[in-house]
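Let the sequences and hints guide you as you build the complete structure.
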Amino acid sequence: MLGVLLTSAFFYLYSCPAQGDPTWRPLSPGERLPSSVIQSQLSRTEEELVAQLLAVDLKLARLEVERQDLEERLRELQEEVRQVSETLANAEKRLSTCCRRLGAWVRYFYEYGRFSYLEIIFDAKSLNDLVRRLETVKLLWEREVELKKEIAFLVAGNQKKLKNLEELENEMMLRRQELAEHIKEASRVREQRQAVLEQVRRESLLLAERIESLEREWYGSLVPLQTVLGQLNRLFAEKIKPDRITFQGKTVVVDISARQINRGLQEIMGRPGEYVAVKIIPGCITVAGRNVKENCYFSLKGELYPDASGRIIRFRPYALEINGSPVKESVLELIARDGDFTFALGKRFPLFSITKIVSGRNKITIVAKA
Numbered sequence: 417m418l419g420v421l422l423t424s425a426f427f428y429l430y431s432c433p434a435q436g437d438p439t440w441r442p443l444s445p446g447e448r449l450p451s452s453v454i455q456s457q458l459s460r461t462e463e464e465l466v467a468q469l470l471a472v473d474l475k476l477a478r479l480e481v482e483r484q485d486l487e488e489r490l491r492e493l494q495e496e497v498r499q500v501s502e503t504l505a506n507a508e509k510r511l512s513t514c515c516r517r518l519g520a521w522v523r524y525f526y527e528y529g530r531f532s533y534l535e536i537i538f539d540a541k542s543l544n545d546l547v548r549r550l551e552t553v554k555l556l557w558e559r560e561v562e563l564k565k566e567i568a569f570l571v572a573g574n575q576k577k578l579k580n581l582e583e584l585e586n587e588m589m590l591r592r593q594e595l596a597e598h599i600k601e602a603s604r605v606r607e608q609r610q611a612v613l614e615q616v617r618r619e620s621l622l623l624a625e626r627i628e629s630l631e632r633e634w635y636g637s638l639v640p641l642q643t644v645l646g647q648l649n650r651l652f653a654e655k656i657k658p659d660r661i662t663f664q665g666k667t668v669v670v671d672i673s674a675r676q677i678n679r680g681l682q683e684i685m686g687r688p689g690e691y692v693a694v695k696i697i698p699g700c701i702t703v704a705g706r707n708v709k710e711n712c713y714f715s716l717k718g719e720l721y722p723d724a725s726g727r728i729i730r731f732r733p734y735a736l737e738i739n740g741s742p743v744k745e746s747v748l749e750l751i752a753r754d755g756d757f758t759f760a761l762g763k764r765f766p767l768f769s770i771t772k773i774v775s776g777r778n779k780i781t782i783v784a785k786a
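Counting in the numbering used here, the sequence shown runs from 417 upward without gaps.
Source of the hints: derived by calculation from the structure; they are not laboratory data. Errors might be hidden in some of the hints.
Stated by the list, open to error - Distance condition first, Cα-Cα at most 16 Å in a straight line; then the derived EDC-like pairs of lysine to aspartate or glutamate:
1) Lys600 to Glu737
2) Lys785 to Asp671
3) Lys695 to Glu737
Claimed, not checked - Label pairs and their computed distance ranges (CB to CB):
4) Glu462 to Arg660: 50 to 60 Å
5) Ser501 to Ala471: 36 to 46 Å
6) Glu487 to Ser512: 32 to 42 Å
7) Lys717 to Thr771: 22 to 32 Å
8) Thr771 to Leu476: 52 to 62 Å
9) Gln457 to Arg660: 19 to 29 Å
10) Gln494 to Glu607: 17 to 27 Å
11) Asn580 to Glu487: 17 to 27 Å
12) Val466 to Ala693: 41 to 51 Å
13) Arg478 to Glu719: 42 to 52 Å
14) Gly740 to Gln593: 57 to 67 Å
15) Arg660 to Val466: 54 to 64 Å
16) Glu482 to Ala735: 18 to 28 Å
Glycine included, every Cβ here is placed at the ideal spot set by N, Cα and C.
Written out as structure tokens, the structure reads:
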């Protein structure tokens, strides 16, 4: 799924020149919706790739921890192998010495010692003396044989232990090789995912620039909205009459209905094919309009608030849709920076400072204090 998405997205995007290319152009209105869909897909793809990269990084971290543990175990095992090998060598040396000594005992008592084979039998003074001589030789022989068996058993045990250690070492060496292959493969996958992620981000940025360029062009074509913004001061100072003004000591409360605002808008909208209307609900003011010539309709949402001086009212836009498509925040910030969203109440209340503006149902309420 990811590969199909990337292939289709890249095929679409590679056919679009980058900004700075002489053939670069902003999107046409007809390309806006499919481009937005592709950008959403690219965003999801980017999130998936980031998640995959995190998973690969986690896997690499686990493999690295396992590799370090394995290296430590290998060092300990190799040290144990060295110690067992040393013990085995000493035991084999003792066994060899024991065998030589046993042979020496035999030669000493039977060939070169005080008792030759015949002397043990014929030189005995009595039968008891013969028995004692034979028992002495037997004891010496049994002691050396027992010692030889004991050392041989020790040698065999060490040989078996050494063999087991060597087999374990071979298994660990094989696991180390497997870990190295896993780390290599995970690193390769990470590089691939990182390259794809960077490509997706580049293409997403390019598409975002083209969409933003189209939205800026759209905003520039919103003649009805520009007309309203250019005459906000005149609208509130001359064309709109408050529905109700209430004085409460040093406080004045001014209620202006959406009907009064729309009546004033009709007076300043003199071009045919242009239409603008205001809708007010609690917490939100919506300015909607259309331009038949440009085949364009819009909806701008925001709220009114007084500035720090209390003399100027500002409109803070937080959502703009053109032809049903929401524009990017960067374009909305551009609109907010234009400075056309500020106006005063004219000369009606020169000595009052606005403290609060509340959007209600089909009306706005302005509270000012002297």
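Going down the list of hints, with the structure as the test:
1. Distance check on the hinted pair: lysine 600 and glutamate 737 sit about 49 Å apart at the alpha-carbon level, beyond 16 Å; violated.
2. For a cut-off of 16 Å, the pair hint linking lysine 785 to aspartate 671 stands: about 15 Å separates their Cα positions.
3. Between lysine 695 and glutamate 737 the CA atoms are separated by roughly 15 Å; this keeps the pair inside 16 Å, and the hint holds.
4. For glutamate 462 paired with arginine 660, a C-beta distance near 53 Å keeps the hint of 50 to 60 Å intact.
5. Under the hint 36 to 46 Å, the C-beta atoms of serine 501 and alanine 471, about 44 Å apart, fit the expected range.
6. Look at glutamate 487 against serine 512: about 37 Å separates their beta carbons, and that is inside 32 to 42 Å.
7. In this structure the hint that lysine 717 and threonine 771 lie 22 to 32 Å apart at CB holds, the actual value being about 24 Å.
8. Separated by about 59 Å at the C-beta atoms, threonine 771 and leucine 476 satisfy the suggested range of 52 to 62 Å.
9. Checked against the given bound of 19 to 29 Å, the beta carbons of glutamine 457 and arginine 660, roughly 52 Å apart, lie outside it.
10. Distance hint for glutamine 494 and glutamate 607: a CB-CB separation of about 34 Å, inconsistent with the stated range 17 to 27 Å.
11. Between asparagine 580 and glutamate 487 the C-beta distance comes to about 20 Å, which sits within the given range of 17 to 27 Å.
12. Remark: the range hint 41 to 51 Å for valine 466 to alanine 693 is upheld by a beta-carbon distance near 44 Å.
13. At about 51 Å, the beta-carbon gap between arginine 478 and glutamate 719 stays in the expected band of 42 to 52 Å.
14. Between glycine 740 and glutamine 593 the beta carbons are some 60 Å apart, a value that agrees with the proposed interval 57 to 67 Å.
15. Taking 54 to 64 Å as the suggested C-beta distance range, the pair arginine 660 and valine 466 conforms, at roughly 56 Å.
16. Distance hint check: the CB atoms of glutamate 482 and alanine 735 are about 51 Å apart, inconsistent with the given range 18 to 28 Å.
Figure legend: structure checked against the earlier numbered hints; hints not met, in rising order: 1, 9, 10, 16.
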